Amino acid sequence: MWLVRPARPDDLQSILEIAGAQGARLSSTLPKQEEALARKIEHSQASFAGANDPELPPRFLFVLEDTRTGTLHGTAGIDSRAGNGQPFYNYRRDALIHASHELGISRRVEVLYPSHGLTDRTLLCSFTTRPERVGTEAFELLSRARMLFIAEHRSWFGSRMVVEIQGVQHENGRVPFWDSLGRHFFNMDFQAADQYSSLLSKTFIAELMPPNPIYVTLLSPEAQAALGQPHRLTVPNLELLQREGFQAGNYLDIFDAGPVLEARTDTLRTLVTSHRKTLHGSHDDSGETCLIAGGEGSGFRCTLARATDTLEGDVRVPVETWHLLEKSAGDTVRMAPL
Amino acid sequence: MWLVRPARPDDLQSILEIAGAQGARLSSTLPKQEEALARKIEHSQASFAGANDPELPPRFLFVLEDTRTGTLHGTAGIDSRAGNGQPFYNYRRDALIHASHELGISRRVEVLYPSHGLTDRTLLCSFTTRPERVGTEAFELLSRARMLFIAEHRSWFGSRMVVEIQGVQHENGRVPFWDSLGRHFFNMDFQAADQYSSLLSKTFIAELMPPNPIYVTLLSPEAQAALGQPHRLTVPNLELLQREGFQAGNYLDIFDAGPVLEARTDTLRTLVTSHRKTLHGSHDDSGETCLIAGGEGSGFRCTLARATDTLEGDVRVPVETWHLLEKSAGDTVRMAPL
Amino acid sequence: MLVIRPLQQGDLDDLYAMALNAGKGLTTLPADRDLLQRKIDLAQDTFNQRCEPEAGLYLFALEDTEVGRTVGISGIQARVGLDEVFYNYRLSLTVNASRELGVHVRTPTLQLSNDMTDTSEICSLLLASDYKGGGNGLLLSRCRFMYLDEFRKHFSDKVFAEMRGVSDAQGRSPLWDALGSKFFDMEFGEADRLSGLGNKSFIAELMPKYPIYLSMLPESARAVIGQVHENTRPALRMLQAEGFNFNGLVDIFDGGPVVEAFVHNIRTVRESVTRYVLVTQKPVPLEVPPAERVMVSNRSFQDFRVTTLPTPCVGTETVRMSPAVAEVLGVESGDSVRVAPLKEGGRWPGPAGRDGEQEHETRPGRVRRHRSHSSWG
Amino acid sequence: MLVIRPLQQGDLDDLYAMALNAGKGLTTLPADRDLLQRKIDLAQDTFNQRCEPEAGLYLFALEDTEVGRTVGISGIQARVGLDEVFYNYRLSLTVNASRELGVHVRTPTLQLSNDMTDTSEICSLLLASDYKGGGNGLLLSRCRFMYLDEFRKHFSDKVFAEMRGVSDAQGRSPLWDALGSKFFDMEFGEADRLSGLGNKSFIAELMPKYPIYLSMLPESARAVIGQVHENTRPALRMLQAEGFNFNGLVDIFDGGPVVEAFVHNIRTVRESVTRYVLVTQKPVPLEVPPAERVMVSNRSFQDFRVTTLPTPCVGTETVRMSPAVAEVLGVESGDSVRVAPLKEGGRWPGPAGRDGEQEHETRPGRVRRHRSHSSWG
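Residue numbers (UniProt numbering), protein chains in the order written: chain A, 1 to 338; chain B, 1 to 338; chain C, 1 to 377; chain D, 1 to 377.
Just so you know, not all the hints are guaranteed correct.
[Claimed, not checked] In silico contact screen, one side only, chain D against chain B (beta carbon under 7 Å); selected entries:
(1) 98
(2) 100
(3) 101
(4) 130
(5) 205
(6) 210
(7) 214
In case anyone wonders, no lab produced these hints; they're calculated from the structure.
Fair warning: this is a prediction, and the values are worked out from it, not measured in the lab.
For every residue, glycine included, the Cβ atom is placed at its ideal position computed from N, Cα and C.
So here's chain A without its partners, still in its complex pose (with noise of 0.2 Å):
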């Protein structure tokens, strides 16, 4: 069975595991380092039982659990307000019109500003599991729990959400709008500054990005076909959340030009198509194959189950998924169609 729930201390190695293999290909807001990732844990922790310090804004992390085997095949998180406290930047694309009138001129220049306009807006990061979950039933549950817990705690979160969707990198760890852009001016390679980015205060975004408008025409060609595009890795995590209601709009990731996604809190089609019932038991394994979670705060659980959907606010699922979710007949649990 597939158990969806917050992280805890003792996950520190498999996560590690997990954030480890995904090695340069695909890199992601998990830190790889045992200390910052135990510091993450304990957030997360403090940030499930409630905790809302000004300066350290809520963040949470869940793990994909394999409950027959008890080991981990992947993460997600949410971090209450994108930045966490600090500025969150991005590159925001716009287009200025450079027209002549007297010489018959017009051409469309794109610009990328540097933007912190989705600073505190709802964030959905550390998305990782292992390869081998890609696109199953399980994946989906890992993404979209994350749905539920928000539909379940609406109040801890904004109205807004968005998602960093990785962007182009080649096999040999090159990313090519890096290499046109940031690397002139942090003066490292991309790996490095992802990490510091995951590791660091943003204070060395400030002091060394570059603080004027870029030109997209002076990046190189490569740089500027890569704007906006997802990494090859990332197309069934984006299809994902594109199904859920989140849409690219104008903003990029200032360290590889991937698409940042958008949408609206309450239109996402998770929080949209899920409703509380009241748990009942069933015997019968057939029925539709739903997401279905319950318990607030740290006690937060969410699973895969058959449930057939008796009356109008009742839902039957078996009694081993009531013990996944420490929920017992009666209970009221969030569900949603898969």
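Got chain A; can you put chains B, C and D on it based on the hints?
Leaving out everything else, chains B, C and D in the frame of chain A:
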């Protein structure tokens, strides 16, 4: 009876009278110079007739006529491509976060970026009426007739629409945003700049407008307060457009910082709620008052009528309405609820 | 004899021929008869004070009096940027450093600048190819400094020159290809021509307004910023010898440098002295190398003349000249003339500096006659 | 006797007392014992060449040898902007013009600049108030130009000074109130202090990056850009007399100007000559006005000393001095010393310029002994 129809050359004096009566109180994109207005009407006629010179994108000018007296009571326009082939200038309001981790300081710094991001969207413009018509059914007819025209000629227009709403101006003609910003660069008063803007090519804006972003905090407090605020007298128009589905985004007028409203064409209320119907006669003067439009291109007419909606695709209106629309029984019209 | 004088109406044909031969790259003097005629008219209006002093264009012709042919031109624009906007890029530095990460990166940037607005420009130098050498280029260029010195109130305290930047034999500019061409939908030559015609609103409309980070440009483009075309190197060396320095501004199209100097610091100005004319029949050998010649100007605003004489003609109070030279300069014995070395490091009698002049002016008893040409020329 | 020498360990108490009396506005020398001690340590490392040449901070003390008290300090920072980013605003001009409308508007702008990066700065001048006058300030300031000249390879070709900008008696700066305070959530004094402590990453984080259009600032703020505090006017005049000019850069907080000069153009450098020491018992009247005194340096890198002597002590080859002065300078008869006028326009024997020096060096027969202090001091 109120009729909205394409402007004709012989409307010139009446339109000048209406435009002139607006005086400095409420500017619009309607030229107050006879020659310029004559050219605008001529261009509008060509546009209604289906002309589409890539150098001269279609621009439509409608008038509101009281058919009992033959007098005009208002004008309304659509520019098929904002900027009319030249850049369409706005300020885009955005915020940067200036934060020092070390000092524990975080400030939200608002910036106005010169933008052409709305260039080529479809623009509603030139909306003026006699003061006594403001807020009446005729006022609504004049504004919304344009949506019916767009619905009937959907391929002539873009997928996104914008409207510029005039910003704050004092009784004495002073425009606080202009006085704090534009005046320093254009070296003229607001009225002059506004007039040049409707008369001349936009070269003078490219030449005179400060090319770099503007920090809001350096504007006068009065100008800061005026950002995105509508002129008192535009409120009825603004509310009508909001009901139609237009929303203020991040764009502001470069001269007076009035809000620019945006909408997706296909979600506008009039487009969504209007339907094609087959015309039938009615001797009954009961029924609901609705907008009813017929005719293609230069033949477009729109009026208000008491309609009794009999069968699905039919509508019954007084024969008088047929005449106004230059239609007869069995012809197709488009109607929308008021 | 070769003499500098104001450009005048009869010069059009010679000017046009020179412009034709000069080919591309001299945008201030295109081979366009109408435009050249307008320049002659403007120069005439300027010398005759029929235009606003700030709008003045002082164009000097180098005439070979033996053949009656104009063989060179040079000029001073009283002020730039008054009618059209005058654009340069400022080559500046952006430093980004993070102590935490031990990173320190310097990025040169080009920022749009109008900082030369209202400054006097020396410009339009062109010498017929068959007259090159023998110090003619020096005379054509440096006569302007004698004029600047003489009539300082008509010019700014600081003057500048734009030097032609690097382009290849086909007229392609590496900076244009990497930067300008991305924003201006035209060839370098066309942009340069439009700009030279004074038709500059297209620059405000089309050019990038935000700073350009040079690290994003290819090496070929970065290498030419602030560099001069190889044909312009002698002119640059000459100006450097006069005390002109690169001021951080470059041409927006080809990246050629702007050099500037305070008028009072220009070597020709610092080394120039006044003397009284002594017309003499005693023959002097006129054909001496440039290093042994001095420029002599008649100090006239309206009918400015400069020619060269052998250095030994200059005494402590007078400068000796033949009646022919005096006639060309329009001076008589006793008139005050200004004298300066033609070539830097050339022979120069007596103490350098303006001291000589001051000495004279405190001893008026020795002066026979002194009239100012600027009032009657 | 008043003598310039490198700052040394025993100077801390006197320095702290001076800094306390100086009050606000001297951010490079705050009344902070730890910070002052670090500066002394750095200066000692610098003179003893124990730090990277670029990181050097050359601090000179003015000591009254009679009372053994340090009464002044001045310094040269070998290079700025290497460790921390060095920020200025460049006062530039943006011209917007429309020929069609006949509009021509000039808008001064402030653009963030790091252009002084890697340049030598003269800094930290402070003189005890009871020693003001009598040319002590001139000595304290100008001794640095003798040092710059002597050891040019340790410094940049161009040097600059930041001049304190306008603030009122309460330390309020009009530019700060109109501009800085809108972006930095702190008082001017606090920002200035943080900046002076070398704690500058907050500037990168908080300050506006886009150009500031001055027409949007109140007149009170515009009026002080490039202007110095009234207490700083004498220092500015002194530097101007040395040939320093405003270079278009201003302080980002108070708008005070940056002035710069090429080392070879500095008056003290141009007018300095070398002479040989002639120790003599013949008494000379030491108490003469500044205009009749010269600075004499011992030319030592590590143990640099400068004091003043009456101008008549300087001969065409030698400079005469008492054994006491020679002892203070650490020189003996026959040693080479550098001499320059203390005050501009002061009496100066023989031809100005370095010609005198060259003459000597081409006639070594007259030299009895010549040793360079920079190798053994």
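**Message:** So, against the hints stated earlier in the document, which numbers end up violated here?
**Reply:** 4, 7
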